[in-house]
Amino acid sequence: MTAPAAADSGPAIDVRGLVKRFGAKTVVDGFSIRVGHGRIHGFLGPNGSGKTTTIRMLCGLLTPDAGEGTCLGLDIRSQSAAIKRQVGYMTQKFSFWEDLSIAENLDFVARMYGLSDRKRRVADALERLGLGNRRRQLAGELSGGWKQRLALAACILHDPKLLLLDEPTAGVDPKARREFWDEIHALARDGLTVLVSTHYMDEAERCHAIAYLAYGRLMTEGTVDEVVARSGLHTWTIAGPDLGPLERELAGRPEVEMVAAFGARLHVSGSDGAALAAALAPLRGQPGLTVAEAEPTLEDVFIHLMNRSTDNFA
Amino acid sequence: MSARFSPARFLAILVKEFIQMRRDRLTFAMMVGIPIMQLVLFGFAINSDPKRLPTAVLAADQSVFARTIVAAMKNSGYFEIGRAVMDEAELGRLLAEGEVQFAVTIPAGFARDLQRGARPVLLVEADATDPAATSNAIAALMQVARTALDPELDGPLAHLKAGADPVDLRIHRRYNPEGITAYNVVPGLMGTILTMTMVIMTSLAVTRERERGTMENLLAMPVRPFEVMLGKIVPFILVGYVQVVIIVLAARVLFQVPIVGSLGLLSLVMILFIAANLAVGFTFSTVAKNQLQAMQMSFFFFLPSMLLSGFMFPFRGMPGWAQAIGEVLPLTHFLRIVRGILLKGNGWAEILPEIGPLLAFLVVVTVIALKRYRQTLD
Chain A
1 MTAPAAADSG PAIDVRGLVK RFGAKTVVDG FSIRVGHGRI HGFLGPNGSG
51 KTTTIRMLCG LLTPDAGEGT CLGLDIRSQS AAIKRQVGYM TQKFSFWEDL
101 SIAENLDFVA RMYGLSDRKR RVADALERLG LGNRRRQLAG ELSGGWKQRL
151 ALAACILHDP KLLLLDEPTA GVDPKARREF WDEIHALARD GLTVLVSTHY
201 MDEAERCHAI AYLAYGRLMT EGTVDEVVAR SGLHTWTIAG PDLGPLEREL
251 AGRPEVEMVA AFGARLHVSG SDGAALAAAL APLRGQPGLT VAEAEPTLED
301 VFIHLMNRST DNFA
Chain B
1 MSARFSPARF LAILVKEFIQ MRRDRLTFAM MVGIPIMQLV LFGFAINSDP
51 KRLPTAVLAA DQSVFARTIV AAMKNSGYFE IGRAVMDEAE LGRLLAEGEV
101 QFAVTIPAGF ARDLQRGARP VLLVEADATD PAATSNAIAA LMQVARTALD
151 PELDGPLAHL KAGADPVDLR IHRRYNPEGI TAYNVVPGLM GTILTMTMVI
201 MTSLAVTRER ERGTMENLLA MPVRPFEVML GKIVPFILVG YVQVVIIVLA
251 ARVLFQVPIV GSLGLLSLVM ILFIAANLAV GFTFSTVAKN QLQAMQMSFF
301 FFLPSMLLSG FMFPFRGMPG WAQAIGEVLP LTHFLRIVRG ILLKGNGWAE
351 ILPEIGPLLA FLVVVTVIAL KRYRQTLD
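Quick mapping for you: the protein sequence lines, in order, are chains A and B. Going left to right, the first sequence walks through residues 1 to 314 as full-length UniProt numbering numbers them. Going left to right, the second sequence walks through residues 1 to 378 as full-length UniProt numbering numbers them.
Hints listed in this document are in silico derivations from the structure and should not be mistaken for laboratory results. Beta carbons are placed, not taken as given, at the ideal position from N, Cα and C, and that holds for glycine. Any given hint might turn out to be false.
[To be verified] Quick list of in silico lysine-lysine cross-link-like pairs, DSSO-like style, CA-CA up to 30 angstroms:
1) B:289 / A:147
2) B:161 / B:51
3) A:93 / B:16
4) B:232 / A:147
5) B:74 / B:161
6) A:93 / B:232
7) B:371 / A:93
8) A:93 / A:25
9) B:289 / A:93
10) A:93 / A:175
11) B:289 / A:25
12) B:16 / A:25
13) B:16 / B:289
14) B:232 / A:119
15) B:51 / B:74
16) A:25 / B:371
17) B:371 / B:232
18) A:147 / A:119
19) B:232 / B:289
20) A:175 / A:147
[What the hints assert, rightly or not] These stretches of chain B come out as covered by chain A in the derived footprint (C-beta under 8 angstroms, 3 or more residues):
21) 208-214
22) 219-230
Isolated chain A (complex conformation) (with noise of 0.2 angstroms):
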């Protein structure tokens, strides 16, 4: 991986305004992003919230309705043809030939880009994902994590300056998932620009910033810490046993925005601290019940985005 030339000095992304409608149907409205090199950008969103849509229009495979901007200096409607081949982009389903092994489908896309070095680029990368001795298996007999392992090192083949990856580690094994990260920001180390899609909350926490997308539109942006904190949600814990009852009677109170159980303890979350605090006090004095108050999770804030977009949305 090379270093970021001088003219990488701008955002790898900087987009403003993109609308993509199919038929009568606004799947991304007027999403605007910003991207800085060498970082890891989460993408966040409930299913059909866009973010496939938006990826597919940054790499140049969808055409904006409307909005502009430009994917690592160059435009992404009029030079979409520069960005392919400056940008990896991995797809959520695996798109890679089944029917040819893992060697030949890494020759293919390095042919694809017009790899100079072809021979040793694709040695490199089947020594690197430690794909070496599997080289000669067929694509299409791989499990899952080999698959995605097999993907990410076609995609990053022909040194792109940035990586889309749509939910990459979907069915993928926790071992899996953590040695992909790791690999991730190795990468981003290198100088490379993630842009990631997924519904793992461990993987939004791994991502320098995240941003969440919910019917089209983004929601919130920033750091993990930033979106929890400005999501204004306050949430207490509940310790105790049997609290089946408990959790269908807060359900139906109007400051508790959500309860979820996780195991003993229940989450309760709401937007009005002080409204919160109130309903809960009567319990703190129970007898084998335990109530704290708790910094909300990054899931606790994501499901209460995600109650709220329904509402404005609905």
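Since the structure of chain A is provided, determine the placement of chain B on it from the hints.
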């Protein structure tokens, strides 16, 4: 769960199948469209007893007898007499190019010999590459030769009515003297097989990329539509040649079909025909949403190709509208080329008229394919 047949479960499957059938509009359209197409083509377009076959006449004798014979041929309904031809070379060329089905030569001194009772020769050369197209006309011709002159044979010539025919009708079944159907069908198969496999294989090859999701990957890479199209098509051109070699060998070894013309010329022209079919397949693949639809569309193209090209039924037997459709189809022109080269020994000059329409078809379809092939996913 009971092991017995459950009408409720059966009904559930039934309902689900109908819902899915209704959702797949194209399949539904095909299920209705293909029977309609077959009805129209078989019912209205196909006629195994072609009439009004184009006929050229070289009349070195302008007598009333010659004119009577020509008129009688016309009246039989089987012959459409075109312009008069001045020399034998032109007559030969018209037959070779397939512009006429019959060439009639009335020799000099026809009337004189007839009046002498010397039974002048009436030479009729038929393009018998397709025996089915000419057999009825030849039967009618024999009747003409026997009776057409009867009204003219009165007075001193009345005695000629008795005995042998007044003229010596000589029929030359050119290119296929024994009228062997295989001579016509086997070279024709070359075109039909190529049409079927080329269209289906390309339409599936591209649709498969979309169905499996690999198209998105391909589109995200810096590759141009023309590069994809060419790269997808060329392997099948090679497959097409393998098929051709098999058919030519079979034609030669199994069916003893004569190979009069140049195989080199044939393989050169073949590229054009194969490319035209591949472009059709590629165009289908840009429309079809899945491999099943691609198959159905290929079939929708294949059916008229087979029926209207002159492969199964004589081209000249079809009504004008069906011939017009046939003229558009690449198979029609390729059949004329391949039969011309293999059976008639045609060269460049004779096949040239068929190259133009093939080339035009290829260009138009390629442009459509490239326009339809989306570089983005919109």
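These are the hints, each one checked on the structure:
Between residue 289 (chain B) and residue 147 (chain A) the alpha-carbon distance is near 26 angstroms, which keeps this suggested pair within the 30 angstroms criterion. Taken as a hint, the residue 161 (chain B) and residue 51 (chain B) pair is honoured in the structure, with Cα atoms around 28 angstroms apart against an allowance of 30 angstroms. For the hint linking residue 93 (chain A) to residue 16 (chain B), the alpha-carbon distance of about 27 angstroms falls within 30 angstroms, and the restraint holds. The suggested pairing of residue 232 (chain B) with residue 147 (chain A) holds, with an alpha-carbon distance near 25 angstroms, which does not exceed 30 angstroms.
With a C-alpha separation of about 22 angstroms, the suggested pair residue 74 (chain B) and residue 161 (chain B) falls inside the 30 angstroms cut-off, and the hint holds. Taken as a hint, the residue 93 (chain A) and residue 232 (chain B) pair is honoured in the structure, with Cα atoms around 23 angstroms apart against an allowance of 30 angstroms. For the given pair, residue 371 (chain B) sits about 27 angstroms from residue 93 (chain A) by alpha-carbon distance, which is consistent with the 30 angstroms threshold. Our distance criterion of 30 angstroms between C-alpha atoms is met by residue 93 (chain A) and residue 25 (chain A), whose separation comes to about 23 angstroms.
In summary, the hint linking residue 289 (chain B) to residue 93 (chain A) is supported, as the alpha carbons are separated by about 18 angstroms, within the 30 angstroms threshold. For the proposed pair residue 93 (chain A) and residue 175 (chain A), the alpha carbon gap of about 20 angstroms is at most 30 angstroms, so the pair holds. This hinted pair checks out: residue 289 (chain B) and residue 25 (chain A) have alpha carbons roughly 21 angstroms apart, not beyond 30 angstroms. Distance hint between residue 16 (chain B) and residue 25 (chain A) is fulfilled; the C-alpha atoms sit about 28 angstroms from each other, no more than 30 angstroms.
Distance hint between residue 16 (chain B) and residue 289 (chain B) is fulfilled; the C-alpha atoms sit about 21 angstroms from each other, no more than 30 angstroms. With a C-alpha separation of about 24 angstroms, the suggested pair residue 232 (chain B) and residue 119 (chain A) falls inside the 30 angstroms cut-off, and the hint holds. Restraint check for residue 51 (chain B) and residue 74 (chain B): the C-alpha separation of about 10 angstroms stays at or below 30 angstroms, so the hint holds. About 26 angstroms separates the Cα atoms of residue 25 (chain A) and residue 371 (chain B), which keeps this hinted pair within 30 angstroms; it holds.
This hinted pair checks out: residue 371 (chain B) and residue 232 (chain B) have alpha carbons roughly 16 angstroms apart, not beyond 30 angstroms. As the CA atoms of residue 147 (chain A) and residue 119 (chain A) are separated by approximately 21 angstroms, the hinted pair is consistent with the 30 angstroms bound. Using a Cα cut-off of 30 angstroms, the hinted pair residue 232 (chain B) and residue 289 (chain B) holds, with the two alpha carbons roughly 18 angstroms apart. Among the hinted pairs, residue 175 (chain A) with residue 147 (chain A) is consistent with the structure: their alpha-carbon atoms are about 15 angstroms apart, no more than 30 angstroms.
With 3 residues having a beta carbon nearer than 8 angstroms to a beta carbon of chain A, the stretch 208-214 of chain B meets the requirement of three or more and the stated coverage holds. Judged by the Cβ-Cβ criterion of 8 angstroms, the stretch 219-230 of chain B is covered by chain A as claimed, because 5 of its residues qualify and three suffice.
Checked against the numbered hints given earlier, the structure satisfies every one of them.
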